[in-house]
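*Asks:* Residue numbers (our numbering), protein chains in the order written: chain A, 833 to 1120; chain X, 833 to 1120.
It is worth saying that the hints were derived from the structure and are not from the lab. Check each hint, because a few of them may be wrong.
The list cannot tell twin chains apart, which means a pair is met if one copy fits it or any two copies do.
Unchecked claim - Using 27 angstroms as the maximum straight-line C-alpha spacing, the simulated DSSO-like pairs for lysine-lysine come out as follows:
1) Lys967 - Lys1047
2) Lys1036 - Lys1085
3) Lys967 - Lys909
4) Lys1027 - Lys1014
5) Lys1114 - Lys909
6) Lys852 - Lys1047
7) Lys1036 - Lys1119
8) Lys1057 - Lys1027
9) Lys859 - Lys846
10) Lys1014 - Lys1036
11) Lys887 - Lys1057
Here is what each chain is made of, one letter per residue.
There are 2 protein chains.
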Amino acid sequence: MSAILLDGKALSLKLQAELKAEIERLKAETGKVPRFMNLVIGQDASAASYGKSQKRVAENVGIDYQFSYLPHGITQKELLDQIHMLDQDPDIHGIMLHKPVPEGIDFQQAVNAIGADKDLEGMNIANLGKLMLGKTKIFPCTPAGAMALLESSGVDIAGKDAVIVGRSEIVGKPIQLMLLEKNATVTVCHSGTSKAGRLIEHVKRADVLIVAMGKPGFIKGEWVKEGAVVIDVGINEVNGKITGDVEFDEAQKRAAFITPVPGGVGPVTAVMLMRNGIEMFKQRSGKS
Amino acid sequence: MSAILLDGKALSLKLQAELKAEIERLKAETGKVPRFMNLVIGQDASAASYGKSQKRVAENVGIDYQFSYLPHGITQKELLDQIHMLDQDPDIHGIMLHKPVPEGIDFQQAVNAIGADKDLEGMNIANLGKLMLGKTKIFPCTPAGAMALLESSGVDIAGKDAVIVGRSEIVGKPIQLMLLEKNATVTVCHSGTSKAGRLIEHVKRADVLIVAMGKPGFIKGEWVKEGAVVIDVGINEVNGKITGDVEFDEAQKRAAFITPVPGGVGPVTAVMLMRNGIEMFKQRSGKS
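Only chain A is shown next, with the shape it has when bound in the complex:
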């Protein structure tokens, strides 16, 4: 058996076409297009690959997407003032803070200062709290991209065993909640599981395997269950090449569906950022 590839680039283009149609409809109804601001401290974000791909996706779908460059020596207070100003500007519909930030800047505090209705990345505490309550259309972008790829497989995951490897607040914890919403039985594994010598048994029973460890080839291909759906969120650079957390060659012999790295979750993530922003724009303009 050779797995079907879950093609992130193709899915990204499909989703972009949907968002473009939605923006056109919103523009016709409200006379406006969403305007998003990416705050960048002391570096050239357009050079950073995530920033570039965001800008490209935004322009593709018709969003007005700008970078705002802040000086490297900006204080936390000045940053918060800047965020408050943008937060009160009715012509700005979405805000994000580019990572990494310089030392001395509290990233999460700054993100929490963005209003929940302008938080493009879905990572402020109010949006994370809403995710806990299961009542939200705003999702952290990387897990949202992983879920979109999983759903593109067409596999019904209700009642299936989903195993997540990695418990970060940007991937493992939110995707756990998103998988529960889809009625999967969800297990979260992490370094403690591995240390106890119990990681393999959990990976082996996974109908859906989501890996987000940031360790190249950490999950051996032979651990993958026959017929599983494998979503590899890892993006690691090894000898100048981008590679995932799963041993792809061996895993794709066993899985039914698998994401490539690169070309899997990565390309979908930026689209999810735009989807969050459009959803918030719709909610604010009463079109949701």
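With chain A fixed as given, assemble chain X onto it according to the hints.
*Replies:* Then chain X, alone, in the frame of chain A:
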């Protein structure tokens, strides 16, 4: 084998003694004792058993704990106004809204209107978001009580398989995060697991089993793994008797530790409410 009982009443008394000493210290340092307000809409909370036990625990530890009775026909807006007023009152250090609320009242919206630093039950979106980020000392009370009982067993759960049955936002979802913080490998099961015929296999492998379904005797004793720690959060009334979600008689033959119902998680929950309030009082008075 016969399991050791995890005695909620005894743990509650022990924790109350600790909180009492803390209140005395805070009183000596600040000249104040924490003052909490329980908003009750259209009913006599002192008659309700949870309200009564809260009041008793509060008095025991030296907290000024009051009920505020609001008329049954109160509107959402009037309720929110009332909450805002208390939230701005520097002499009120903790607020909660008694459940159930009458139809037409949006409980969660009201709880979200309580400041994150006065939210006794730890259930507003900001506090739930902080729980997602793993940076909080404020926890929803029922899972906090369950965790305290689990910890009282002395069993080191790092690397162990913890299985939760039930995915509610008041128990299953928060306790999942709390168990991850303690390095357990955590699985959340629910009605979808059961429907797929896969509940038993998950329960059988649980080193730590936490059940919060609200279905009397739903978990059969013979499913329990030898030597497991069983925390039964269920409180069900059957023929006038209170009973848990786990078949106790059979389960206690196999488990190493088990909570009784009644007398398990229930008595600890009210103490956790006070602990949240004391923690917020300390944070506000700079004594944390």
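*Asks:* Hint by hint, note whether the structure agrees.
*Replies:* Hints versus structure:
no.: 1; hint: Lys967 - Lys1047; verdict: between (33 angstroms within a copy, 25 angstroms between copies)
no.: 2; hint: Lys1036 - Lys1085; verdict: within (14 angstroms within a copy, 31 angstroms between copies)
no.: 3; hint: Lys967 - Lys909; verdict: between (32 angstroms within a copy, 21 angstroms between copies)
no.: 4; hint: Lys1027 - Lys1014; verdict: between (30 angstroms within a copy, 14 angstroms between copies)
no.: 5; hint: Lys1114 - Lys909; verdict: between (31 angstroms within a copy, 25 angstroms between copies)
no.: 6; hint: Lys852 - Lys1047; verdict: neither (36 angstroms within a copy, 47 angstroms between copies)
no.: 7; hint: Lys1036 - Lys1119; verdict: neither (45 angstroms within a copy, 48 angstroms between copies)
no.: 8; hint: Lys1057 - Lys1027; verdict: both (21 angstroms within a copy, 22 angstroms between copies)
no.: 9; hint: Lys859 - Lys846; verdict: within (20 angstroms within a copy, 62 angstroms between copies)
no.: 10; hint: Lys1014 - Lys1036; verdict: both (21 angstroms within a copy, 24 angstroms between copies)
no.: 11; hint: Lys887 - Lys1057; verdict: neither (38 angstroms within a copy, 53 angstroms between copies)
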